[in-house]
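Peer 1: On the provided structure of chain A, position chains B and C as indicated by the hints.
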Amino acid sequence: MREKVSNGWRSLPRAVRSAVGLLFVGWFLLLLGDRISEFRVYQGASVATYLVAIVSIVLLTGFSGQVSLGHGGLLAIGGYAAALVMADLHWPFWIAFIVAVFAAALIGALLGIAAARLSGPYLAGTTLAFAVGLPSLANQFSFLGGEQGLLFDIGQAPKHFGENFSPYKWLFWVTGVFALLAIWTASNLLRGRHGRIWRAVRSNETAAALAGVNVARSKVLAFTLSAGFAGLAGALLCATVSLVTPGGFSLSLSFAILTGAVIGGVRSIFGAAIGAFVLVVLPMITDALTQTSSEAVATNLPAIITGLLLIGTVVISPGGVAGSIASVQRHLALKRQKG
Amino acid sequence: MQQFLNTLVSGASLGSIYSLMALAMILVWRSTRVVNFAQAGQAVLSTYVGLEIHRITHSYVLTLVVAIIFGAIFGALVDLLLVRPLLRRVGDGPIAAVAPVIVTLGLLGALQGFVGLVWGGEYRSFPAAFSQDGINIGTMKIPFSQFDFFILLVTLAVMLTFAYIFQRSGLGLAMRAAAFEPEVAQLAGVRVARVRTIGWAFAGAAGALAGALITPTTLLAPNSLDLLLVFGFTAAVLGGLESLVGGVVGGFLLGLGLAFVVAYLGGSFTFMTAFVVLIVVLLVRPQGLIGARRMRNA
Amino acid sequence: MLSIAGLTTDHGQVRALDDVTFDVPAGSLTAVIGANGAGKTTLLRTVTGLVKPTSGTVRWYSQDLLCLPTEQLVRHGVAHVPEGRSVVAELTVSENLQLGALWRGKDPDVQIARDEVLALFPILSERLGQRADTLSGGERQMLAIARALIARPKLLLLDEPSLGLAPLIVEQIFQTLDRLRKESGLTVVLVEQNAVSALEIADHAVLLSLGQIVVSGSAKLIEKDTQLRHAYLGY
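Chains as they are written, first to last, in the working numbering: chain A, 4 to 342; chain B, 4 to 301; chain C, 34 to 268.
Hint data in this document are derived by calculation from the structure and do not stem from the laboratory.
All C-beta atoms, glycine included, are put in the ideal place defined by N, C-alpha and C.
Incorrect hints may appear among the rest.
What the hints assert, rightly or not - Example chain A residues on the side facing chain B (calculated, C-beta under 10 Å, incomplete):
id	residue
1	Val70
2	Gly251
3	Ser255
Bound conformation, chain A alone:
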């Protein structure tokens, strides 16, 4: 009987299976949301936001093998696009999110066309300049609100969610749904044709080109899609702080996303989840460590720890946490085979 069920389950398309799995995860998180404090719920929303941002790096760096230090700039585009749509057109927030995806993807495609001709350090430097330069544009145009930025409020939960459905819980719900959607889309992308092509290009560009892959197109596509995810992450980020400002997309945001991706492991979506978790938990740990120390320590210790973690991960375990877990699993499986 049990075998039959599992066979039936296996015969379903992978996309359907992962959708069901993610729905379960979502349902579990929703139940969890009722049991924990408001602050933890808010942190959950942050994890979901970072998760989307890191998935975009996983797609770009882990699969397509391109590096971007400027994803903060793409997040900014998503955030501003969403805020403008809501402020000027008064469309519902979920449409604003979709607009954010497309706006960032458009800019990402342009960047990607440039990026496809660059490699490693050139791309890193160029995207770095992009991230440094872009937010300052907000001061140029008055409709972007200057340093004060724009308000971005996704509002209250609909009435039928119940009386005591708090704004934080609503935020968590919205970010969670979009994050799960993003994961589902990304994992299908990466498992499918494009994922295979990206991996082929990453491991040997010449060989892929000889096998008939259009290398440049695959890179531009990866950059475009990655930018789309980044745009969504930007909109979600703005939703969690109800505000879009140039300062919100500093270089340190770009670095934080990259840090999360590297520590979690750039090669898997599971790694992205770990990375997002680390990004939210790390400040809590440093806060706890620096509670009794001076202000100078409290403001600078996180940067030092993050920097050292980045270096340590690359030197000790280049695959990040997810990569290490995978290699331990392989090791155990080998042992079992032999035993």
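Peer 2: Just chains B and C now, kept in the frame of chain A:
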């Protein structure tokens, strides 16, 4: 006309500082195939060390000299303790291509955090050797100051020294050979690893000097040299990232170009201009404006 | 003399050299021949430490070469000219020569050695100020050999000096090699796919196939062995 001349001279003095930073990035790139984003962190650390020397000795010459020597030693240590083991370990691993970028970024963050921890985050003023007021020519006052003149002079001296070392000395020959054909150099008896470390030391010195020269105008804070990093990188790319002469030319072009943008379009366009220049150069002339033939695929 | 014993090198899963053992007597010219992929280049690269062996020893007289870092070899009289006309393209001809003698510092003999190698390859004297990437293929190969010789090596390892060169140039280079070792007592290991030319000037020969030695011995004998030639050298 006067504004044009003013822009020209202030652009030249800024450009010479960008050139120094570009030189630092090119030296590291040529020897190790790593773009060192931590260069800004190393420079900021050296500048703070210089500031400390100035507090104790009140001697500007000593400040500059100690900052440069410290920059050189620290650059060599970064190569010895971090980059060498990293390149040995990473090999062909999952993130081999991006690992150096990520590690130097991590170092940048850690260094800036460390500097903030020791010296605090507030802006500090840094001494200048000479007056930063404009010079009077007759009744006319031009914005070109004695300090600007000093900057131009010092960078010129440094570049001539570098040119001499690279073109005329055995060490320079070994460095060039090790940069372009490490294997041939090795077989010819060049201690390639040591020569690389010397390259990192030179780069650290050049970066420290750039930091010390730009700081009197920008003030000093843990992340006050981020801009210098971006402009230095842009200048290096303008010059093709392989050629030292190219880096110097790129630095001056960028300095002058940005000065004119600021003068005629307004200060907030500097970044976007630098970015657009970078993209256009990379797309149209990826080998740099006066670049070598090599493609940028490392 | 050079003695190689039980040398085994792996490239990942692939065994490139399998238990290779042979001696090169001092003052002789030994040709290492074999098809593409036989492990000839790997052999030289392992001897000079550019590739790390899995096991085995390489001795040059009493010196264990495998425990020396590559850049020290030239100081022990071992010079290696890798495959592909290995010069530094960005440097001038004169600078390439200078590079070869850099480790000797201000030794007055450097100038003498330089004059000697220029006499050996007179065409280079006309090109001293040019960048190496402006040279023809043959000139580059000559420069690569000259760069190695200026260090006054006792043992010269040459990897495919004839690759992609016109027959006349190959002839010229091989004649120079032949003269050189007869005059100076230089020991030469010559890796070649061009077996005909190599066997002509070689005393001894080692035939490699798939990383293993098929036969080693007198060059004249191998040259005459029709069966071997058909099976491994294709002529």
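Peer 1: Now, for every hint given, state plainly whether the structure supports it.
Peer 2: To see whether the hints hold, each was checked on the structure:
{"no.": "1", "hint": "Val70", "result": "holds (4 Å)"}
{"no.": "2", "hint": "Gly251", "result": "violated (17 Å)"}
{"no.": "3", "hint": "Ser255", "result": "holds (8 Å)"}
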